[in-house]
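Enquirer: Residue numbers for the sequence shown follow my numbering, so the first one is 20 and each next one is one higher.
Derived from the structure by calculation, the hints contain no laboratory data. Even glycine gets a Cβ: it sits at the ideal position worked out from N, Cα and C. It is possible that some hints are incorrect.
Said to hold, decoys possible - What follows is a list of derived Cβ distance ranges for each label pair:
1. Leu61 - Glu96: 21 to 27 Å
2. Arg26 - Ala169: 22 to 28 Å
3. Arg182 - Pro97: 17 to 23 Å
4. Val101 - Met173: 30 to 36 Å
5. Glu58 - Pro181: 31 to 37 Å
6. Ala170 - Glu46: 19 to 25 Å
7. Ser24 - Pro97: 27 to 33 Å
8. Leu41 - Ser167: 25 to 31 Å
9. Gln127 - Cys52: 33 to 39 Å
10. Arg26 - Glu96: 33 to 39 Å
11. His75 - Pro181: 19 to 25 Å
12. Arg182 - Ala72: 21 to 27 Å
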Amino acid sequence: MPATSVRPLAPDDAPAYRALRLTGIAELPAAFCTTHAAESGLPLAQIAQRLRATSHQIIFGAFNEEQLIAIAGLRREPIAVVHDKASLWGVYVAPQARGRGAGRQLVQAAIDHACAIPELGRVRLAVAQDNHAALSLYLGCGFTLADSPAADGMLPLQLLLPRPARASACASASAESNVFMKINTLQIPAK
Numbered sequence: 020m021p022a023t024s025v026r027p028l029a030p031d032d033a034p035a036y037r038a039l040r041l042t043g044i045a046e047l048p049a050a051f052c053t054t055h056a057a058e059s060g061l062p063l064a065q066i067a068q069r070l071r072a073t074s075h076q077i078i079f080g081a082f083n084e085e086q087l088i089a090i091a092g093l094r095r096e097p098i099a100v101v102h103d104k105a106s107l108w109g110v111y112v113a114p115q116a117r118g119r120g121a122g123r124q125l126v127q128a129a130i131d132h133a134c135a136i137p138e139l140g141r142v143r144l145a146v147a148q149d150n151h152a153a154l155s156l157y158l159g160c161g162f163t164l165a166d167s168p169a170a171d172g173m174l175p176l177q178l179l180l181p182r183p184a185r186a187s188a189c190a191s192a193s194a195e196s197n198v199f200m201k202i203n204t205l206q207i208p209a210k
């Protein structure tokens with residue numbers, strides 16, 4: 020299999036993005052904040068506009084040669100009070116590409132992009148607690164269980180970005196030990 024390449028998507032990628040996103044919504048509807056009917060009803064021009072990178076949003080795609088095989092968005096909060104947070108959203112890897120590292124490359128590209136934004140301090144996401152593959156991917160990329168409560172079978176995860184202005188190492192170590200305890204006591208039902 021040829022090497023996977025990852026890059027920000029552009030408006031010209033709209034047809035491939037739409038097709039892959041609709042496949043993801045059909046397969047895992049609970050993992051997306053939309054419905055197949057709502058997403059398929061969007062005009063292609065609106066989807067193309069979504070793919071224009073801005074200072075608050077970027078969508079990455081992983082490609083096997085010319086075929087789009089995985090997608091992930093990173094959205095930064097525009098409101099000043101929470102502008103230090105970003106959300107990883109819409110992550111989906113096509114079934115034929117799973118287990119080959121495309122998801123990890125894609126998530127890492129989003130993390131690298133977030134690290135390049137000085138005011139960002141954390142990246143958040145929500146993952147279905149029964150989606151073991153996604154949970155393993157996110158934990159493997161450094162995400163930890165967030166302090167916010169879980170809702171509707173979803174686990175809130177976060178990744179604290181390295182920043183020089185972060186609180187003292189002592190406070191950080193204390194927070195890490197609390198997160199470690201939470202992950203060790205997390206009960207994940209077997210499939």
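Enquirer: Does each hint fit the structure? Answer for all of them.
Expert: Status of the hints after comparison with the structure:
no.: 1; hint: Leu61 - Glu96: 21 to 27 Å; result: holds, 23 Å
no.: 2; hint: Arg26 - Ala169: 22 to 28 Å; result: violated, 33 Å
no.: 3; hint: Arg182 - Pro97: 17 to 23 Å; result: holds, 20 Å
no.: 4; hint: Val101 - Met173: 30 to 36 Å; result: violated, 19 Å
no.: 5; hint: Glu58 - Pro181: 31 to 37 Å; result: holds, 35 Å
no.: 6; hint: Ala170 - Glu46: 19 to 25 Å; result: holds, 22 Å
no.: 7; hint: Ser24 - Pro97: 27 to 33 Å; result: holds, 30 Å
no.: 8; hint: Leu41 - Ser167: 25 to 31 Å; result: holds, 30 Å
no.: 9; hint: Gln127 - Cys52: 33 to 39 Å; result: violated, 23 Å
no.: 10; hint: Arg26 - Glu96: 33 to 39 Å; result: violated, 24 Å
no.: 11; hint: His75 - Pro181: 19 to 25 Å; result: holds, 21 Å
no.: 12; hint: Arg182 - Ala72: 21 to 27 Å; result: holds, 23 Å
Checked against the numbered hints listed earlier, the structure breaks hints 2, 4, 9, 10; every other hint is satisfied.
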